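Protein chains in written order, with our numbering: chain B, 1 to 205; chain E, 1 to 205.
Keep in mind that the hints are not guaranteed to be accurate.
For identical chains, the list gives no copy identity; a pair is met inside one copy or between any two copies.
Stated by the list, open to error - Each computed SDA-like pair below joins lysine to any residue, with the alpha-carbon atoms no more than 25 Å apart:
| hint | residue 1 | residue 2 |
| --- | --- | --- |
| 1 | Lys-93 | Leu-191 |
| 2 | Lys-93 | Ser-57 |
| 3 | Lys-18 | Ile-186 |
| 4 | Lys-18 | Val-182 |
| 5 | Lys-172 | Glu-115 |
| 6 | Lys-93 | Phe-83 |
| 7 | Lys-172 | Asp-30 |
| 8 | Lys-18 | Ser-57 |
| 9 | Lys-18 | Thr-153 |
| 10 | Lys-18 | Arg-150 |
| 11 | Lys-93 | Gln-25 |
| 12 | Lys-172 | Pro-56 |
| 13 | Lys-18 | Gln-196 |
| 14 | Lys-172 | Ala-114 |
| 15 | Lys-18 | Glu-188 |
| 16 | Lys-18 | Arg-155 |
| 17 | Lys-93 | Glu-183 |
No lab work stands behind these hints: they were computed from the structure. Since we're looking at a predicted model, the values are computed, not measured.
There are 2 protein chains.
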Amino acid sequence: MQSSRLAQQIQFIVEIDKLKQILRQTLLTDESRRENSAEHSWHLAMMAIVLAEYVPSSVVDVLHVIKMLLVHDLVEIDAGDTFCYDVHANQNKAAREAQAASRIFGLLPEEQAAELRALWEEFETQETAAAQFATALDRLQPLLHNQQTRGGTWRIHDITRAQVLQRMHPIKEGAPALWPLVEQIIEECVLAGYLQPEPKVESPF
Amino acid sequence: MQSSRLAQQIQFIVEIDKLKQILRQTLLTDESRRENSAEHSWHLAMMAIVLAEYVPSSVVDVLHVIKMLLVHDLVEIDAGDTFCYDVHANQNKAAREAQAASRIFGLLPEEQAAELRALWEEFETQETAAAQFATALDRLQPLLHNQQTRGGTWRIHDITRAQVLQRMHPIKEGAPALWPLVEQIIEECVLAGYLQPEPKVESPF
């Protein structure tokens, strides 16, 4: 009874349930567990709605950003979540994710596959204001979580202020109006001892 | 340094992280655990994108539906998820949720609070085609999960075909083009033994 088109769409919908199993490094704000990429994507889409006013509506279509954020992590179903400070794993990330995109978006009817893949590629290539705003939100959210969890993943991995500042840099490009907030949070976290001001120096003794 | 407006927005963004802790009855498709309401909301928003063609675009603005789906469960942070077949808990659901809406949306600057609350109320009152399509997706998704988990929550609670048909009825209104699929899935589930065709009769002996 199902048309093959609808069957493809349902297969995709069932398949993407697996994104709920992909764990990120970020902890939930109550520190009870690690966040998964599906609920993370929801959180970012909500942030796009609430923080839309910090980018000019003439250059950023917020609803386009929401769609981009909803699909931006789908490739992790096959490629996994790559920890942003893991230099080694980031070397082959692009190739792993491109292959994942072909398989996962490829479950859909052709023109829908192309549409969603284009959203993902727009996010990855970071050439549009929409993609840059989406990335700004994708950086801001774990910053908020690390603040709430008193350093959460930073403490586990001995992350320093300089590393976080570098990681947050896309916010300066994609949502400059939010940059003072970012600097303020980072300084508060250093003062509170959640974030190391400088790299730990190994004692020679 | 933060304006109080931005501080309110950030407080809301941090607060809604709690939706990731609200567990629904539905299992993930691999049966590993129950689904939470944040990842569920993400899944529904993805379904709205993929299944938009089954409602006329002249009457349903899909991006409005996406926003509605992203916020539709936020009240559960205070009011909890109410199991749809729990008659008792459903009696005071509306009052509990209205109070939750006041507190949670009330964290935002006034006009944003009003906008998001209006989306939630539109979903609840079910008077627009957008709200009816959103509800159709909210019913279809657990049906797919129950099929994937070989009866999942239905088996635990001895749910019958008649109960599921009644529960799915809004799909007939909100996305009639998807109704044949719903009937097909239900019959497949009955045939496979995932769903009881009739209520269990207690033996008098």
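Copy assignment of Lys-172 with Pro-56, given that the CA separation must stay at most 25 Å: within (14 Å within a copy, 40 Å between copies)
Within, between, both or neither, where Lys-93 and Ser-57 count as close if Cα-Cα is 25 Å or less: This pair counts as neither: shortest intra-copy Cα distance 32 Å, inter-copy 38 Å.
Within, between, both or neither: Lys-93, Leu-191 at alpha-carbon 25 Å: Result: close neither inside a copy nor across copies, 34 Å intra and 44 Å inter.
Lys-172 and Glu-115: within-copy, between-copy, both or neither at 25 Å Cα: This pair counts as neither: shortest intra-copy Cα distance 28 Å, inter-copy 28 Å.
Alpha-carbon proximity context of Lys-93 and Glu-183, limit 25 Å: neither (29 Å within a copy, 42 Å between copies)
Intra/inter-copy verdict for Lys-18 and Arg-155 if alpha-carbon distance must be at most 25 Å: This pair counts as between: shortest inter-copy Cα distance 23 Å, intra-copy 29 Å.
Alpha-carbon proximity between Lys-18 and Val-182, which holds within one copy, between copies, both or neither at 25 Å: Between copies only: 22 Å across, 32 Å inside.
Within, between, both or neither: Lys-93, Gln-25 at alpha-carbon 25 Å: within (16 Å within a copy, 35 Å between copies)
Same-copy or cross-copy closeness of Lys-18 to Gln-196 [CA-CA at most 25 Å]: Intra 35 Å, inter 28 Å, cutoff 25 Å: neither.
Status of Ile-186 relative to Lys-18 across identical chains (alpha carbons, at most 25 Å): between (33 Å within a copy, 23 Å between copies)
Status of Glu-188 relative to Lys-18 across identical chains (alpha carbons, at most 25 Å): between (36 Å within a copy, 23 Å between copies)
Alpha-carbon proximity between Lys-172 and Asp-30, which holds within one copy, between copies, both or neither at 25 Å: neither (28 Å within a copy, 40 Å between copies)
Hint compliance for this structure: hints 1, 2, 5, 7, 8, 13, 14, 17 are broken, all remaining hints hold.
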